[in-house]
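Could you build the full structure based on these sequences and the hints that come with them?
Residue numbers (our numbering), protein chains in the order written: chain A, 1 to 142; chain B, 143 to 284; chain C, 285 to 694; chain D, 695 to 1104.
Check before you lean on any hint, since a few could be wrong.
Here are the simulated DSBU-like pairs of lysine-lysine, each with C-alpha atoms no more than 30 Å apart in a straight line [claimed, not checked]:
1) C:K687 x A:K109
2) C:K470 x C:K406
3) A:K132 x A:K44
4) C:K687 x A:K34
5) D:K859 x B:K251
6) C:K449 x C:K470
It is worth saying that the hints were derived from the structure and are not from the lab.
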Amino acid sequence: MSELLQQRQEEIAEEFEFFEDWMERYEHIIELGKELDPIAEADKLDEHLIRGCQSRVWLLAAKDGDGNVQFRADSDAIITKGLAALMVRALSGLPPAVIVQGDLWFIEKIGLDAHLSPTRANGLRSMVQQMKHYGIAFQAQG
Amino acid sequence: MSELLQQRQEEIAEEFEFFEDWMERYEHIIELGKELDPIAEADKLDEHLIRGCQSRVWLLAAKDGDGNVQFRADSDAIITKGLAALMVRALSGLPPAVIVQGDLWFIEKIGLDAHLSPTRANGLRSMVQQMKHYGIAFQAQG
Amino acid sequence: MSKALDAAALRLQFPILNREVNGKPLVYLDHAASSQKPIAVIEAQREYLMHYHANVHRGVHALSQQATDAFENARTIVQHHIGAEESCETIWTGGATDAINLVAQSWGRAHIGAGDTILITKMEHHANIVPWQMLAEEVGAHVEAVEVLENGALDEEDLAAKLAKGPRLFAFVHVSNTLGTVNDAKALTEQAHAAGATVLIDGCQAVPHMDVDVQDVGCDFYIFSGHKVYGPTGIGVLYGKRMLLEAMRPWRGGGEMIDAVSIENGTTYAGLPHKFEAGTPHISGAIALGVALNWLKGLGAGAVMDHEMMLAAQARKGLSSIEGMRFIGTTSEAAGVVSFVIEGTHPYDIGTLLDSQGVAVRTGHHCTQPLMERYGIPGTVRASFGVYNTLQEVDTFVAATVKAVRMLRG
Amino acid sequence: MSKALDAAALRLQFPILNREVNGKPLVYLDHAASSQKPIAVIEAQREYLMHYHANVHRGVHALSQQATDAFENARTIVQHHIGAEESCETIWTGGATDAINLVAQSWGRAHIGAGDTILITKMEHHANIVPWQMLAEEVGAHVEAVEVLENGALDEEDLAAKLAKGPRLFAFVHVSNTLGTVNDAKALTEQAHAAGATVLIDGCQAVPHMDVDVQDVGCDFYIFSGHKVYGPTGIGVLYGKRMLLEAMRPWRGGGEMIDAVSIENGTTYAGLPHKFEAGTPHISGAIALGVALNWLKGLGAGAVMDHEMMLAAQARKGLSSIEGMRFIGTTSEAAGVVSFVIEGTHPYDIGTLLDSQGVAVRTGHHCTQPLMERYGIPGTVRASFGVYNTLQEVDTFVAATVKAVRMLRG
Ligand SMILES: Cc1ncc(COP(=O)(O)O)c(C=O)c1O
Ligand SMILES: Cc1ncc(COP(=O)(O)O)c(C=O)c1O
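Quick look at the structure:
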């Protein structure tokens, strides 16, 4: 199953390959944000909020019938939502173990690694951490 | 009477004229300190202490029969005592008005003006101020 | 008439403004968060450390005396810059926040008790809120805040009503870092004094932009930070009226602030200003702040304000064409602050897209959360200007914002 | 074996050491009051202000992120330098004095009450006395001090007796700035912990001279100042065990240290380390302190200590020939401190005559008045050494002292 993660990351990396500057990259991220299904207002509970961002990010996770983790995410800022969309695309539907252990090399590859620093306001780091936490939790449930 | 102050300052200035460096100057100041009559231990009261020096300085003043102010001074540090000796020599025995108004140009002339800065630890500035205060007090007494 | 600033020439004194970010020339519009520093200030600090650093006050040696003289001379510069009567009314602190905490804990604990009210405003920076909340919690007092009108002005009626209830203290911001509102410090001080309140003014955003004369204003305490007024980080100023400062207990204990220390007989404190300056001070910071203030004074306060108003006006004019533009705070452009939200966009998105075009603005709550609550917004985009900004930069900023909005709405 | 220091080569990194005072080449022997700074440190601060200054933590723009990264990286350097477990246990303060006051007011108010004892020693710097006296006065506790033996060592018997009485806190100096005494921080900590006391160590004079590992020592709090360890002024460090820090109330309120601020609903605080860092920090100071610690580490702690012991030993040997020489503190030369009085002379006179020969020493009570009382002296002459001092300078100092004594006794 980790091939699937590999494959998804390669896809994303390819997609970002030809952007020449940050404006183009963000243009695409904004696009992804817009395409991501929003979370219903009723589901935007404080318990799904991720701390440490200037914008608000909600992240929900559920195990599907196959034992894989389905993620949903949303944000009030569209760039943040686009980053969330990338993460959902990379990790949603994978087994907990892959989520926990998976090396998310695409983040660096597409130049977003600076966004992973703990001092960044976009919440990407918190998103990754929270997704891994969900993975651990579902793994423990067995 | 202010001619007397003038004359004394000229004398002191002349005395210091030929010193080539600080060591020579201090050598002379130390000499002056040693020659100054010490104040009896019994007179070294806290009320005569001048604040704001690393060394302690005692300053006493009294009006003599002619209405002039007689100063006595002492210090536990010999350089400070030498500075006190210079001040006593310049001002002791003068009328209060001269002490209050007198321009003590010799201090700068002999290169001790840096010692007058409020941040100096030697107490010269406090001495001068205290002597002027005595002058004012005796003037007020009439 | 003051001579107009030549910002293009001034910029040469700010090496950082030559750099690029994200492959674009930097347009630094985050002056209100922290100003950049002219070479004269940077060199003063370096010069000090290179050639005459020593610990101050305690030394008989020449270096220590030279450092002490420069340090105390800087105090006198600050004194004159803000029009204080005596140099001992100028206390060095670690910054504005440190200074307000000093007053809250030293003056506050002595004068504010259970049931008392501390009056602030809804436009205060957290630095002028939280210390009072902490004090209030400790002594059983409570904090009230004067309302802010839609345009960003203080609500005069609400102020009058709240002053009438007799607060012990009125602590307010001279110039709002989020709205740009310039409060009439003198009139407010008179009003508060008439109501029996002591007055503390947060001058962080005033000193960089206008002439301040604390004796004319008449306030009891006035505070500001060095790093916002072209000076270094880690240094700030507390001005207090001598009578008040003299009656106050020291806040921090340690070296420099004592007269005599004895374990058996207790400790007596030094006089002003040292009583409030425990420990080795930020010597290089104080000296460089003195240089910064002299440098700023050299430009002429009138010219500085004219220049910054011109930039702010131009920015507002340019941004106005954007659909859904909502300016937050519209009473004044004097402080070179333009704060806004744009319908259907998030400040963070705008800030990020501006950054990738080389334009540095601040986004978020600007440490004024109660104000964000007041306006019902999560934050604003804030462009803030200093003497080194140019009309051309403003145009770049406006064009970049237009582009960002187009991308976000696209 | 560590490689010996080449002080002559090192000196080239300290431009100030090339200067003259009073027409003589400067011999700077006042390291314990404040160290001089290597070019690397001065340039780091300048570089920051020239090229990437911005306010930290709050910004989305590139400059702010670059500044924040450098600032937080400096925190990690400090963490590793003193062997802390986590970087959030490293709190930036305005200096050592500020740090001790923080602990006294935050931890102290929560843990020390009426009738409690705060144990210090007679060799403490005022910075580690006065904050405890102020706290004791506020809460009705009292301060006791462990006696010092004639040679400058702690009186172990007295310590045991006083610990047996169950003080809440034992606050002691790692290395005495006046005596040069090196206390066994680990053993003392164990002893104090066994007696149930929390332990705070004043490491101002230890960090510049030796390797410190707070986890090995086991203390609860450890503090030091930047300006004494080749770093800039205005910055210091508080190390605290995470558990303790987490339970502590913030001391200063303001920006950066909050989670959410509301006037109606009250304010919640941020996590470590920000909870204790209200307001804009001394960014350039923190970054430059990181550089200073790395620079010092590069020399090798063993080599530093060997060098400074050699200088102190040579100084003592030379000075011993002076009649009436009395060394104050004779247990160790490890910290490069030589303190003395000479019969029939006043420290101020010696200091002044040394200064006019270009030699900068400190005279007076060195902010340790209880220690002066203990020895029945008004002050000492103190020569203190850093890595940049040479044997030749020591010889100049000794000769200058001999000359001064001759003049004074004349
Ligand atoms: C042992 C000791 N503790 C505390 C201090 C106080 O440090 P600072 O003045 O930098 O706060 C000093 C230096 O003066 C010291 O030598
Ligand atoms: C109006 C106002 N007050 C107080 C502060 C706090 O200043 P500092 O962070 O320098 O202590 C700031 C700046 O952040 C400000 O803009």
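| task | Compare the structure with the hints numbered earlier in the document and write down the numbers of the violated ones, lowest to highest. | result | Checked against the structure, the only hint that fails is number 5, while the rest are satisfied.
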